[in-house]
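This is what each chain is made of:
2 protein chains.
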Amino acid sequence: MSKQKKFILQESEIPTQWYNIQADMPTKPMPPIHPATKQPLGVDDLAHIFPRECCVQELDTEHRWIDIPEEVLEKYKFYRSTPLVRAYALEEALGTPAHIYFKNESTNPLGSHKINSAIPQCYYAKQEGTTNVTTETGAGQWGAALSYAAKIYGLDCAVYQVKITMQQKPYRSSIMRTFGAVVEGSPSMSTRAGKDILTKDPTHSGSLGTAISEAVELATTTPNCKYTLGSVLNHVGLHQTIIGLEAEKQMEMAGEYPDIVIACFGGGSNFGGIAFPFMRHNLCDGKKTEFIAAEPDSCPKLTRGQFRYDFGDEAGYTPLLPMFTLGHNFKPSNIHAGGLRYHGAGMIVSQLLKDGLMRGVDIPQLETFEAGMLFARTEGIIPAPESCHAIAATIREAKKCKETGEEKVILFNLSGHGLIDMPSYDSFIKGDLQNYTVTDEMIAANLAELDKQ
Amino acid sequence: MSKQKKFILQESEIPTQWYNIQADMPTKPMPPIHPATKQPLGVDDLAHIFPRECCVQELDTEHRWIDIPEEVLEKYKFYRSTPLVRAYALEEALGTPAHIYFKNESTNPLGSHKINSAIPQCYYAKQEGTTNVTTETGAGQWGAALSYAAKIYGLDCAVYQVKITMQQKPYRSSIMRTFGAVVEGSPSMSTRAGKDILTKDPTHSGSLGTAISEAVELATTTPNCKYTLGSVLNHVGLHQTIIGLEAEKQMEMAGEYPDIVIACFGGGSNFGGIAFPFMRHNLCDGKKTEFIAAEPDSCPKLTRGQFRYDFGDEAGYTPLLPMFTLGHNFKPSNIHAGGLRYHGAGMIVSQLLKDGLMRGVDIPQLETFEAGMLFARTEGIIPAPESCHAIAATIREAKKCKETGEEKVILFNLSGHGLIDMPSYDSFIKGDLQNYTVTDEMIAANLAELDKQ
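Residue numbers (this note's numbering), protein chains in the order written: chain W, 1 to 453; chain U, 1 to 453.
None of these hints come from the bench; they were simulated from the model. There's no promise every hint is true.
It does not matter which identical chain is meant; a pair holds if it fits inside one copy or across any two.
[Unchecked claim] Quick list of in silico lysine-lysine cross-link-like pairs, DSS-like style, CA-CA up to 27 Å:
#	residue 1	residue 2
1	LYS151	LYS399
2	LYS399	LYS288
3	LYS126	LYS3
4	LYS195	LYS354
5	LYS163	LYS430
6	LYS77	LYS287
7	LYS77	LYS399
8	LYS77	LYS249
9	LYS354	LYS163
10	LYS200	LYS28
11	LYS28	LYS287
12	LYS6	LYS249
13	LYS6	LYS126
14	LYS163	LYS28
15	LYS400	LYS452
16	LYS249	LYS3
17	LYS402	LYS195
18	LYS400	LYS6
19	LYS126	LYS288
20	LYS163	LYS399
21	LYS200	LYS399
22	LYS6	LYS77
Given the sequences, and given the hints that come with them, work out the whole structure.
Shown next, in the form of structure tokens:
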């Protein structure tokens, strides 16, 4: 009866360094390259778009531990640590012998893990004298986090929000405006990239790829403005390792170690955040934890994409990145997990996947919402549609344990809550949601088009 | 730089008893009485509406401490303890020497303190063999909490939600449905009370008073169904003392004791929750803490109401309760703090106010949203419109400290977050919100009508 449910660190126990997995990777990630010259890009090449310190972190393959600046730690204390929770009620509902834990990043006032990287990115931008930041946002979680971080550092903030999620999740735009940001639906007519996209397809409902193009264009054409990104890049994953480093201490408090670590997957930030700190024990200490990234089956870059150089955005403004990709011209279906509607995987994760150190699973939309509903009705937290993918993958593994009788320890990251996504749940309850199919032919045709460019 | 911001209790430190202030009150609250016979009501009279154990607690003026059932404690651990936070950033923005702390009940997955009473009410209902529960809800916080609590105890749940807040906060209905509840807009055509109200005024936008009438009617006409209430009653305030009891331990961790305790005020549940445990030290140990209940100036029962017996609901189905009231026929303006749109104050608080042991302040809507915006942009949490009243009252006191130079310690309860209330913030940002006036004449006329009944 008196089983401990939550494992909580005091402020003084919050980790003071991020973990840089690049230092421990058996194969380092291939470098980003210039689209025209095909030459690897250095810090100076990237620093006209991103805050310089982020670029240094991006390309750092040497230092295993990076100090979290004191000022960033102070801001982390606004909401960290987040609880590690044993999901007894979910276990009971599933009748599984597995021990299910989740790291509850939804207790952040911004509602998701994204704030973990928004704070340091704005801190570094401010340090170098930047006055404006801009970004894209899918579900709006990243945009909301950046809006708040920009506000506390006195930076102006402009956000390009994917048009379809602006309609699906109108409250997220309101949150950004409450924090003082300017919000524009993407594709918009305010950039050349947006105009070009709308000219080709006036009904384009947007994607992370299109919104990135617009934000990058704004950053490069506005004085004293830096672009920031909420996922995909190495330094974002680095900042997110605070999640896994806390979880590691908390799993110790629980007296267990995960056999399986699971997170949903858009560009890789919350996956990397929870997985990398545990993966270092696979890489360095002979642990055999399994790492599972859960993606939508309608945007299956990990399970059915190709490893190759590709643009990070739809218009082709970014460097070429080595990634598992469906092609930067891939147009994702209008699933409600807006944060997972992205064509490519981050560079580190792509290399780890290539090297067999982790695996992807793809999950249909209806299965994710069924998982989310069960989680809500047992654990009391309505999960973000993105996080529902992690829960669905966890349930699959827990059911396997039920069959085999194995008492595996499963840890997943609850990256955010779904309170802003209630219309999606409404649609699910009414039976209005559907699964989307992507055929092999569609993916192949899309990738073939890249080869022509 | 390394000042501690959050004070957190481990699960093992969560209080295991509620505090019953009735045992320590110099004047006990007057009893609820039967409208026809005017006789005081006993447990048996109340128990055909409410779970019996709640009725016992309601009328208990003897026992200072009430054990929290083990099973309820287990459920509390899903989200408790909640953090006590030092609002350094808000202090800095105000330039005040005051030390501002807030108890962050918004970290609950249900988004507000209401779950603290929903769980024990459903537990007791289940214990006595009830299969159905019903209730009213204003802003929807209580309805959401009850829906979840009913689900975990396997009870069917029907919620009458005030029509105006159903429109202002549509996501809350979705949350209730996600937890499996049936949600009906009130006044509805599904009860006689609702029909009568709509016949008199077809455009009636509802109030807590009307919704209570409907829920009570459903409970008394449905077999095996109990009515539950989210505020006003003594046992609800009792359950909420978990907030203040935790805060007491946490203030000790911070090495301070509050000079002022502040909470917003609808019926009194979150106010009582944070205030009563500290008030016991005024009553028993000679402390001189000041207690401030912040109400909307458009619904000013504490500051301008009359202490008298009145109905708890609009239709007059409830017992007569001794309360500061604007009259059960009072129709509150359509302010966005739906949870504060109620004509009367709970019995305990009414007696405490009468005895000068606390005071009320009334705050115009625009001032509350200004306070909420400042809080969001400093502390990163978008507060519920209800909680904005507590923040506004806190800011008033902190500004007084700035004038006098006093380093007062102010503690307020952040009863909930405002993520479901983003349209309200949108309206405020657009300049579409207004203040509402209630003249003394309106209040007097309203109360005079009571005397005729």
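Hints, verified against the model:
1. LYS151 to LYS399: Intra 45 Å, inter 23 Å, cutoff 27 Å: inter-copy only.
2. LYS399 to LYS288: The answer is within: 20 Å in one copy meets 27 Å, while 58 Å across copies does not.
3. LYS126 to LYS3: between (45 Å within a copy, 22 Å between copies)
4. LYS195 to LYS354: For LYS195 and LYS354, neither the intra-copy (36 Å) nor the inter-copy (66 Å) Cα distance is at most 27 Å.
5. LYS163 to LYS430: Classified as both; 23 Å inside a copy, 21 Å across copies.
6. LYS77 to LYS287: neither (31 Å within a copy, 32 Å between copies)
7. LYS77 to LYS399: Close across copies (26 Å), not inside one copy (37 Å); limit 27 Å.
8. LYS77 to LYS249: both (17 Å within a copy, 20 Å between copies)
9. LYS354 to LYS163: neither (33 Å within a copy, 55 Å between copies)
10. LYS200 to LYS28: The answer is neither: 38 Å in one copy and 75 Å across copies each exceed 27 Å.
11. LYS28 to LYS287: Within one copy, since 20 Å is at most 27 Å while 64 Å is not.
12. LYS6 to LYS249: The answer is both: 13 Å in one copy and 19 Å across copies each meet 27 Å.
13. LYS6 to LYS126: Answer is between; shortest inter-copy Cα gap is 26 Å, intra-copy 36 Å.
14. LYS163 to LYS28: neither (36 Å within a copy, 59 Å between copies)
15. LYS400 to LYS452: Close neither inside one copy (44 Å) nor across copies (70 Å); limit 27 Å.
16. LYS249 to LYS3: Both: 19 Å inside a copy, 22 Å across copies.
17. LYS402 to LYS195: neither (53 Å within a copy, 52 Å between copies)
18. LYS400 to LYS6: Within one copy only: 25 Å inside a chain, 40 Å across chains, cut-off 27 Å.
19. LYS126 to LYS288: Result: close neither inside a copy nor across copies, 41 Å intra and 45 Å inter.
20. LYS163 to LYS399: neither (37 Å within a copy, 43 Å between copies)
21. LYS200 to LYS399: Intra 46 Å, inter 57 Å, cutoff 27 Å: neither.
22. LYS6 to LYS77: both (18 Å within a copy, 7 Å between copies)
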